[in-house]
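*Asks:* So the sequences go chain by chain: S and B. No gaps in the numbering here: position 45 of the first sequence is 100 in our numbering, and each next residue is one more. No gaps in the numbering here: position 382 of the second sequence is 437 in our numbering, and each next residue is one more.
Treat the hints with caution; some may be incorrect.
For identical chains, the list gives no copy identity; a pair is met inside one copy or between any two copies.
Said to hold, decoys possible - Distance condition first, Cα-Cα at most 20 Å in a straight line; then the derived DMTMM-like pairs of lysine to aspartate or glutamate:
1. Lys330 x Asp164
2. Lys323 x Glu163
3. Lys330 x Glu163
4. Lys323 x Asp336
5. Lys330 x Asp157
6. Lys323 x Glu176
7. Lys330 x Glu64
8. Lys323 x Glu447
9. Lys330 x Glu176
10. Lys330 x Glu76
11. Lys330 x Glu399
12. Lys330 x Asp417
13. Lys330 x Asp390
14. Lys330 x Asp320
15. Lys323 x Asp394
16. Lys323 x Asp279
Quick caveat, the hints were computed from the structure, so don't treat them as lab data. Here the structure is a predicted model, which means the values were calculated and not measured.
Below, each chain spelled out in residue letters.
2 protein chains.
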Amino acid sequence: MIPVAEALERILSALHPTPTETVSLPEGWGRVLARPVIARVTQPPADVSAMDGYALRAADAAVGARLRVIGSAPAGHPFDGTVGPGEAVRIFTGGAVPAGADAILLQEDATAGDGFVSPTEASRQGRHIRRAGLDFAAGSAVLSPGRRLTARDIGLAAAANHPWLQVHRRPRIGILATGDEIALPGDPIPPGGIVSSNAHALAALVRASGGEPLVLPIAADDRDAIAEAATAATRCDLLLTTGGASVGEHDLVQSALGPQGFSLDFWKIAMRPGKPLIWGDLRGTPMLGLPGNPVSALVCAVIFLIPALRRLSGLPAGPVGAGTALLGRDMPANDRRQDYVRAELSRGPDGALTATPLPVQDSSMLASLARAGALVVRAPHAPAAPAGTPVEIVEFSSIGV
Amino acid sequence: MIPVAEALERILSALHPTPTETVSLPEGWGRVLARPVIARVTQPPADVSAMDGYALRAADAAVGARLRVIGSAPAGHPFDGTVGPGEAVRIFTGGAVPAGADAILLQEDATAGDGFVSPTEASRQGRHIRRAGLDFAAGSAVLSPGRRLTARDIGLAAAANHPWLQVHRRPRIGILATGDEIALPGDPIPPGGIVSSNAHALAALVRASGGEPLVLPIAADDRDAIAEAATAATRCDLLLTTGGASVGEHDLVQSALGPQGFSLDFWKIAMRPGKPLIWGDLRGTPMLGLPGNPVSALVCAVIFLIPALRRLSGLPAGPVGAGTALLGRDMPANDRRQDYVRAELSRGPDGALTATPLPVQDSSMLASLARAGALVVRAPHAPAAPAGTPVEIVEFSSIGV
Numbered sequence: 056m057i058p059v060a061e062a063l064e065r066i067l068s069a070l071h072p073t074p075t076e077t078v079s080l081p082e083g084w085g086r087v088l089a090r091p092v093i094a095r096v097t098q099p100p101a102d103v104s105a106m107d108g109y110a111l112r113a114a115d116a117a118v119g120a121r122l123r124v125i126g127s128a129p130a131g132h133p134f135d136g137t138v139g140p141g142e143a144v145r146i147f148t149g150g151a152v153p154a155g156a157d158a159i160l161l162q163e164d165a166t167a168g169d170g171f172v173s174p175t176e177a178s179r180q181g182r183h184i185r186r187a188g189l190d191f192a193a194g195s196a197v198l199s200p201g202r203r204l205t206a207r208d209i210g211l212a213a214a215a216n217h218p219w220l221q222v223h224r225r226p227r228i229g230i231l232a233t234g235d236e237i238a239l240p241g242d243p244i245p246p247g248g249i250v251s252s253n254a255h256a257l258a259a260l261v262r263a264s265g266g267e268p269l270v271l272p273i274a275a276d277d278r279d280a281i282a283e284a285a286t287a288a289t290r291c292d293l294l295l296t297t298g299g300a301s302v303g304e305h306d307l308v309q310s311a312l313g314p315q316g317f318s319l320d321f322w323k324i325a326m327r328p329g330k331p332l333i334w335g336d337l338r339g340t341p342m343l344g345l346p347g348n349p350v351s352a353l354v355c356a357v358i359f360l361i362p363a364l365r366r367l368s369g370l371p372a373g374p375v376g377a378g379t380a381l382l383g384r385d386m387p388a389n390d391r392r393q394d395y396v397r398a399e400l401s402r403g404p405d406g407a408l409t410a411t412p413l414p415v416q417d418s419s420m421l422a423s424l425a426r427a428g429a430l431v432v433r434a435p436h437a438p439a440a441p442a443g444t445p446v447e448i449v450e451f452s453s454i455g456v
Numbered sequence: 056m057i058p059v060a061e062a063l064e065r066i067l068s069a070l071h072p073t074p075t076e077t078v079s080l081p082e083g084w085g086r087v088l089a090r091p092v093i094a095r096v097t098q099p100p101a102d103v104s105a106m107d108g109y110a111l112r113a114a115d116a117a118v119g120a121r122l123r124v125i126g127s128a129p130a131g132h133p134f135d136g137t138v139g140p141g142e143a144v145r146i147f148t149g150g151a152v153p154a155g156a157d158a159i160l161l162q163e164d165a166t167a168g169d170g171f172v173s174p175t176e177a178s179r180q181g182r183h184i185r186r187a188g189l190d191f192a193a194g195s196a197v198l199s200p201g202r203r204l205t206a207r208d209i210g211l212a213a214a215a216n217h218p219w220l221q222v223h224r225r226p227r228i229g230i231l232a233t234g235d236e237i238a239l240p241g242d243p244i245p246p247g248g249i250v251s252s253n254a255h256a257l258a259a260l261v262r263a264s265g266g267e268p269l270v271l272p273i274a275a276d277d278r279d280a281i282a283e284a285a286t287a288a289t290r291c292d293l294l295l296t297t298g299g300a301s302v303g304e305h306d307l308v309q310s311a312l313g314p315q316g317f318s319l320d321f322w323k324i325a326m327r328p329g330k331p332l333i334w335g336d337l338r339g340t341p342m343l344g345l346p347g348n349p350v351s352a353l354v355c356a357v358i359f360l361i362p363a364l365r366r367l368s369g370l371p372a373g374p375v376g377a378g379t380a381l382l383g384r385d386m387p388a389n390d391r392r393q394d395y396v397r398a399e400l401s402r403g404p405d406g407a408l409t410a411t412p413l414p415v416q417d418s419s420m421l422a423s424l425a426r427a428g429a430l431v432v433r434a435p436h437a438p439a440a441p442a443g444t445p446v447e448i449v450e451f452s453s454i455g456v
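Throw the hints in and build the complete structure from the sequences for me.
*Replies:* Put into structure tokens, the structure is as follows:
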């Protein structure tokens, strides 16, 4: 059994970011930028007014002065002339400050009429003027590679005049559920069988992490079926299997794939749930074999697959982001396996986050997993922890799961 | 000017959840459930083994006893007979516990061979048996309406044998940018003009909140163009405009839409950035008019559009989720407008979250908005706050923006 941290390191060190593709700006949302976005324009392109009012010379803007309004400069319609002494130009937010003017008189600080305007408050040089390049200058990098593009980033790339973006291709993840006993929802259920939940839960998790799932037909617990299905998926960036990872006679994934060129790195991790986890390489395609129990499969996916998807996506990758909460009930000392305990989250009146472990932790129980807000992480050999102890948690909402 | 909370209440009270549609299970991820998911099967369907080992009578499981192995029960292949005294059945995780047996002997607690098995540890009644219905029973509601379906929920709906789900239709949001001075990225930029960023930033925000954006062609600052574009969008669940909301002569949205049957609810909010914000109804379609400045538009979208999208989506809706951080620098007293101040987030060595307001807050500056991690919320007339004061924040990552 190897520790969780070592297993994760070995997984991440075997993976590389996907190649780059070109997508249109609107498709760029949520994708990982692969090349810097260099501004192609300066923003604002010239000195512009930040307010509605009058462009004038600050020296002329004494209270009670009478200035002749010689033109108008709405946004997008620059005034061509020059503002001379005793003159003003009507201007609107975003309008270019005309030559000669060096201040903006707010319209609420002026009385206007009959082709003239008169300040009721003084103005000063540079007031209410946005300088050219205040936001960014042409040639500067406004977005750096290796970030997942937000709505704000899309706005910034648009403003920098980029209709196309270079992003990493979505990692393509083949998902293979194995087992004689499982049927797809709505399909006839074999005697003694159950409905398959892992493949579609994992597909949703892959999509939530920016990947593209490829759900393969269920493979029976039979060497040929598993081998055939798995080799069909070797064009993926990563092959995920569920089931068949344990030590029983009916756990076939390893033995079925060996003759197909599967090379094992490790398959036992000191964690709970999820000890049997396969990591290896199937003829050049990295392969992660998750346990068959639904809770074990999803917890292992959170701990190993999400970081793997981040690495494949071109994002900084490491352990999934952890937070802190106070224990809502006493916990016993831990044994030598790292424990991930389903817990409900609540916030006290003082804003403190409390994680209360659910009483039954059986790894087949999906309903309690769906209800849980977080996993409480218990290190190997952690001592008993009374209620109120701060503990490390993995909050599901923070990782989009 | 009306307060932010009142404006939000008036917006939410005018909106209703979209109707329901049927989607396949994999499409259900991220959608808002509209009808309960009632389990169609019991899970586990029968008492099953939680481990690999031997099913037997607990009374027989004394250390050193010699039990005859009469058959095998892998998952999906139930053993048809009955386990009698002195007998055992080889069993695997998920296999049905055969009639007669009431305990599971772990394989690591047994020595086996020659058709017999002998316990090296005692077992007790019910040990390592998952009872039928431990996870859920047929007929029970495993998922309730009004929640956005996570990967865990999709797994649970699958296990409950649902290939289809009833969800709310994605809210369709028409997005209309107005202005003579703006051009789409890559298109020729008019003299004195700038590249349009609002429409695509807002479209990304709509998608991030589970909506379906419909980006309309840019409308020139001209009554006919605005009226035509806006009425084209009356089949949407909500029409969003940007620009043309202020008081200047060139702010045309209200005057252009009046003759088209636009009925105004309010248009001035005591907030910064974003005072001019239009809310009303265009012949039955709710209409939100955002300011034209990119930062104002996005901040107003965070504060008003995200809650509106939640209401339209069938989710519980209220003010956008707020957190707390410590101020990273002194802030002056606030005036009568609620202030949303872009800030960088950082975590100290003690884990405390600090929000440091960016020095320049001009509402045209998209680059600083993209870099910011949060908005610091300053209530009207808030007193001066020294560095270290706890303040309310809206964290962008927590709302997917």
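*Asks:* Can you give me the call for Lys330 and Asp157, within, between, both or neither, at a CA distance of at most 20 Å?
*Replies:* Classified as neither; 71 Å inside a copy, 26 Å across copies.
*Asks:* When no copy is specified for Lys330 and Asp390, does a C-alpha distance of 20 Å or less occur within a copy, between copies, both, or neither?
*Replies:* within (13 Å within a copy, 59 Å between copies)
*Asks:* State whether the alpha carbon distance between Lys323 and Glu176 is at most 20 Å within one copy, between copies, both, or neither.
*Replies:* neither (77 Å within a copy, 24 Å between copies)
*Asks:* What label fits Lys330 with Asp320 when the C-alpha limit is 20 Å: within, between, both, or neither?
*Replies:* within (15 Å within a copy, 60 Å between copies)
*Asks:* State whether the alpha carbon distance between Lys323 and Asp394 is at most 20 Å within one copy, between copies, both, or neither.
*Replies:* within (14 Å within a copy, 54 Å between copies)
*Asks:* Is the C-alpha distance from Lys323 to Glu163 at most 20 Å within one copy, between copies, in both cases, or in neither?
*Replies:* For Lys323 and Glu163, only the inter-copy Cα distance (16 Å) is at most 20 Å; the intra-copy one is 73 Å.
*Asks:* If the cutoff is 20 Å on CA atoms, where do Lys323 and Asp336 land: within, between, both or neither? Let me know, please.
*Replies:* within (16 Å within a copy, 61 Å between copies)
*Asks:* Can you give me the call for Lys330 and Glu64, within, between, both or neither, at a CA distance of at most 20 Å?
*Replies:* within (17 Å within a copy, 51 Å between copies)
*Asks:* Could you place Lys330 and Glu76 in one of the four classes (within, between, both, neither) given a Cα distance threshold of 20 Å?
*Replies:* Classified as neither: same-chain Cα gap 37 Å, cross-chain 41 Å, threshold 20 Å.
*Asks:* Should Lys330 paired with Glu176 be assigned to within, between, both, or neither, using CA atoms and 20 Å as the limit?
*Replies:* neither (75 Å within a copy, 22 Å between copies)
*Asks:* Indicate which option fits the pair Lys330, Glu399 if close means a Cα-Cα distance not exceeding 20 Å: within, between, both or neither.
*Replies:* neither (23 Å within a copy, 40 Å between copies)
*Asks:* When no copy is specified for Lys323 and Asp279, does a C-alpha distance of 20 Å or less occur within a copy, between copies, both, or neither?
*Replies:* neither (24 Å within a copy, 69 Å between copies)
Going down the numbered hints, you'll see the structure goes against 5, 6, 8, 9, 10, 11, 16, while the others check out.
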